[in-house]
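Asks: Listed below are the residues making up each chain.
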Amino acid sequence: MGMIIQGATGDWEVVIGLEIHAQVTSKSKLFSGASAAYGAEPNSQVSFVDAAMPGMLPVINEMAVEQAVRTGLGLNAKINKFSVFDRKNYFYADLPQGYQISQFLQPIVGEGKILIDLKDGETREIGITRLHLEQDAGKSLHDQHPSQTFVDLNRSGVPLMEIVSEPDMRSPEEAAAYVKKIRSIVRYLGTCDGNMDEGSMRADVNVSVRKPGDEFGTRCEMKNINSVRFMQQAIIYEANRQVDIIEAGGTVDQETRLYDPDKGETRSMRSKEEAHDYRYFPDPDLLPLEFDGAFIERIRETLPELPDDKKARFISELSLSAYDAGVLVTEKEVADYFEAVAEGRDAKLAANWVIGELFGNLNRTGKDLSDSPVEAKALGELIDLIKDGTISNRIAKEVFEEMFDTGKAAADIVEEKGLKQVSDTGAIEAAIDEVIAANPDKLAEYRGGKDKLFGFFMGQVMKATQGKANPGVVTEILRPKLDG
Amino acid sequence: MSLDKATVAKVANLARIKIEEKDLEPMAAELNNILGWVEQLGEVNTDNVEPMTSVAEMSLRWRADEVTDGGYAEDVVANAPSSEDGYFAVPKVIE
Numbered sequence: 001m002g003m004i005i006q007g008a009t010g011d012w013e014v015v016i017g018l019e020i021h022a023q024v025t026s027k028s029k030l031f032s033g034a035s036a037a038y039g040a041e042p043n044s045q046v047s048f049v050d051a052a053m054p055g056m057l058p059v060i061n062e063m064a065v066e067q068a069v070r071t072g073l074g075l076n077a078k079i080n081k082f083s084v085f086d087r088k089n090y091f092y093a094d095l096p097q098g099y100q101i102s103q104f105l106q107p108i109v110g111e112g113k114i115l116i117d118l119k120d121g122e123t124r125e126i127g128i129t130r131l132h133l134e135q136d137a138g139k140s141l142h143d144q145h146p147s148q149t150f151v152d153l154n155r156s157g158v159p160l161m162e163i164v165s166e167p168d169m170r171s172p173e174e175a176a177a178y179v180k181k182i183r184s185i186v187r188y189l190g191t192c193d194g195n196m197d198e199g200s201m202r203a204d205v206n207v208s209v210r211k212p213g214d215e216f217g218t219r220c221e222m223k224n225i226n227s228v229r230f231m232q233q234a235i236i237y238e239a240n241r242q243v244d245i246i247e248a249g250g251t252v253d254q255e256t257r258l259y260d261p262d263k264g265e266t267r268s269m270r271s272k273e274e275a276h277d278y279r280y281f282p283d284p285d286l287l288p289l290e291f292d293g294a295f296i297e298r299i300r301e302t303l304p305e306l307p308d309d310k311k312a313r314f315i316s317e318l319s320l321s322a323y324d325a326g327v328l329v330t331e332k333e334v335a336d337y338f339e340a341v342a343e344g345r346d347a348k349l350a351a352n353w354v355i356g357e358l359f360g361n362l363n364r365t366g367k368d369l370s371d372s373p374v375e376a377k378a379l380g381e382l383i384d385l386i387k388d389g390t391i392s393n394r395i396a397k398e399v400f401e402e403m404f405d406t407g408k409a410a411a412d413i414v415e416e417k418g419l420k421q422v423s424d425t426g427a428i429e430a431a432i433d434e435v436i437a438a439n440p441d442k443l444a445e446y447r448g449g450k451d452k453l454f455g456f457f458m459g460q461v462m463k464a465t466q467g468k469a470n471p472g473v474v475t476e477i478l479r480p481k482l483d484g
Numbered sequence: 001m002s003l004d005k006a007t008v009a010k011v012a013n014l015a016r017i018k019i020e021e022k023d024l025e026p027m028a029a030e031l032n033n034i035l036g037w038v039e040q041l042g043e044v045n046t047d048n049v050e051p052m053t054s055v056a057e058m059s060l061r062w063r064a065d066e067v068t069d070g071g072y073a074e075d076v077v078a079n080a081p082s083s084e085d086g087y088f089a090v091p092k093v094i095e
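Heads up: the protein sequence lines correspond to chains A and B, in order. So in my numbering, spot 77 of the first sequence is number 77, and the numbers just go up one at a time. So in my numbering, spot 7 of the second sequence is number 7, and the numbers just go up one at a time.
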C-alpha cells in the first residue's frame, strides 16, 4: 500500500527512489594496496595513492570487480562486460584528489530487479537502475578542535558499490523494506557486511510528491542516512513539507537537504548546490574495465541460495507460512540455524521455537544469534523431547529458558529437575479425583451446562501435577469423569 | 562552443582558481581559441570507428586483493601545513 497524504486539494502520492552506498567486502582498497578495515588509527591505512600524492597511479582490485559482479547477479541485473571509470570533480577537504573515481555513463552493472517483502507476506517488485563502483572519501571530524577540522583518509579509496533504484517506492515502509532486502542480499552474497552503524551501508533518499496518476514531481535528495528508522522519518517529514509548499502555491526546488534526526526535520544544504556541477570525464589514468562471459559464469557458479529462493523453498517444501519463511530467511545465519533445527523434524514446530522462544530470549538479553547460548543441535534435542512425549510444550518453555541461561542440555535439565511428563494413568487419575473432590460447586456448574469450566479443571490438574501431567492423557481421563 | 565571461568565472570557482575580474575576458578568449582548435576534429568522419581508449594496445591491469601498502601515517601527513594526532588539520569546513 502506498502512503497517501491528504492535502487541502486532495490526495498526494509519495514517490521514493534510493541510492544505497555499500562498502565492498575486501581486504584492500579499490585502487591501492592499503587496508580497507574499519576503525584503525588516523591515516594509518593510507597509501600515497589514497593521499593523492603527485605521480601515483590507481590499479584496480580484482576482488572489488568480482564483488560488484556477484552483487549484480544477486540483483538479477545485466552485467556489463565493458565499463568505464570517470572522475567526478568536487572540492572538499576529505577528498585529496579533488575528484572521486566513479562510473558515470557506463557502469559495471545495469538494470535489474528485486522483490521487497511487505506485511502479511506480500511482495512487490522494485527496479534497479544500475550499480557502479566508486571510491569512498575520507572522514572529516568537525568537533575535535574549536577552529579546525581534522581529516582522516583511512576511508579514502575504500571500494563502494552505489546501487541506484528506480523511483518505484510509494511509502516509507516500502523504502524500509527495500533497504532491508538489499542488506539481506549483499549479506547472503558476502559482498558487503551491511553494517549501517559503521557506515558500510548508507542511503541517499530521493523524495517527490504528485497527485496519483500525474507526472513525477520535483524531487529533493537527502544524503547519507544511516538508519532505516531515520530514513522513514525523513521521508514522512519531507513529503509533507513538499505538499505544504505546493498547496500554498509554491514550487519545490530540486536540491539536497539534510535530515536532522534530533529535530526531526530536513533543511536545505543549498550552499552545496554549486558543487553539484561534477564535470564528469573518463579517468585518463584508467583503461576501461573489461572481462568476458566466462568470468561472470565462474562467479555465478559460486552464488549461494538467495533469500527469495530460500523463502520459496521453505514455503513449498517445509510448508511454512509466507510470514514465518520471510522472517527466517532475512539473515542467512538465522536461516542456517533454523534449517539445522528443522533437519529431520517437524519444520513448523522448529519455526515456532526459533521465531518465538529463541528470538524472544535473544531480544530479552540483547544478544545476537551468533552468541546464542543455545545451539541449533540443543534446540533440536529439546523439540525431540516434546515430540516423544517426555515433556509437555509448557514445560519445554521452562526448560528452554534454563537452557538459555545456563547453556545446559535439555535432557539434563529435565532429569535434574524431575520434569518428565507423567503419562502414568494411575497417578493422573488420583490427581483428577482430588481436584474434582475439592471443587464440588464447579462440578455442579459444569454439569449444569457451563462447558467452559473444563479448562478450569484442566488447569487445576496441571497445577496439581506441577505441569508434568501429559495433557492428552489428562483430557482423556478428565472428560468422562466430569461428564459423570 | 563558446565560453563567456560568466562561464569562465564559474569554472574557475569550481576549480578553486582565483582569476581577477580584468583577466576573465582574455581568459575566455584564450580558452575559446583552444576549444575552436579542438573542435576542428569534428570535421573528421568517424562513422563506424571504434572509440580509442588508449594509444597502446593494452588492457586494464588488475591486482590481487592483498594489503601491501599503508602503515605510514607520519609520512602521509608529513607535507601537511598543519596536522595533529595523525590527522590533517584544516580550517573548519562545517556548514
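FYI, nobody ran anything at the bench for these hints, they're computed from the structure. Hints may be right or wrong, so weigh each one.
To be verified - To give an idea of the chain A side of the interface with chain B (calculated C-beta under 7 Å), a few residues: (1) Q6; (2) A8; (3) T9; (4) Y38; (5) V46; (6) S47; (7) D283; (8) D285; (9) L306.
What the hints assert, rightly or not - From chain B, some residues computed to sit far from chain A (all C-beta separations above 12 Å): (10) S2; (11) N13; (12) L24; (13) E30; (14) E39; (15) G42; (16) L60; (17) G70; (18) E84; (19) V90.
Ideal placement from N, C-alpha and C gives every residue a C-beta, glycine not left out.
Asks: Each hint should be assessed against the structure and marked as holding or not.
Replies: Hints versus structure:
Of the supplied interface hints, the one on Q6(A) is violated, with its beta-carbon coming no nearer than about 35 Å to a beta-carbon of chain B, more than 7 Å. Checking A8(A) against chain B by beta carbon gives a least distance of about 34 Å; that is not within 7 Å, so the hint is violated. Restraint check, T9(A) versus chain B: the minimum CB separation of about 35 Å is more than 7 Å; hint violated. Using the Cβ-Cβ criterion of 7 Å, the hint placing Y38(A) at the interface with chain B is not satisfied: the shortest such distance is roughly 14 Å.
With a least beta-carbon distance of about 5 Å to chain B, the hint placing V46(A) at the interface is held under the 7 Å criterion. Of the supplied interface hints, the one on S47(A) holds, with its beta-carbon coming within about 4 Å of a beta-carbon of chain B, less than 7 Å. The interface hint given for D283(A) is broken, as the beta carbon of that residue sits about 11 Å from the closest beta carbon of chain B, more than 7 Å. Hint status for D285(A) relative to chain B: violated, with the closest Cβ pair at about 10 Å, above 7 Å.
The interface hint given for L306(A) is violated, since its Cβ lies 23 Å from the closest Cβ of chain B, which is over the 7 Å cut-off. Non-interface status of S2(B) relative to chain A is upheld: no Cβ of that chain comes within 12 Å, the nearest being about 18 Å off. With a least CB separation of 7 Å from chain A, N13(B) falls inside the 12 Å interface cut-off, contrary to its annotation. Against the 12 Å criterion, L24(B) stays outside the reach of chain A, whose nearest CB is about 18 Å from its own CB.
Chain A leaves E30(B) outside its interface by the beta-carbon criterion, the shortest separation being 19 Å against a cut-off of 12 Å. The claim that E39(B) is not at the interface with chain A holds, since no C-beta of that chain comes within 12 Å of its own (minimum 17 Å). Every Cβ of chain A is farther than 12 Å from the Cβ of G42(B); the closest lies at roughly 18 Å, confirming the non-interface assignment. At roughly 4 Å, the least C-beta separation between L60(B) and chain A is not larger than 12 Å, which violates its mark as non-interface.
With a least CB separation of 3 Å from chain A, G70(B) falls inside the 12 Å interface cut-off, contrary to its annotation. E84(B), annotated as away from the interface, has a beta carbon of chain A within 12 Å; the closest lies near 7 Å. Here V90(B) does not stay apart from chain A, with its beta-carbon only about 5 Å from theirs, under the 12 Å limit.
Consistency with the previously given hints fails for numbers 1, 2, 3, 4, 7, 8, 9, 11, 16, 17, 18 and 19, ordered from lowest to highest.
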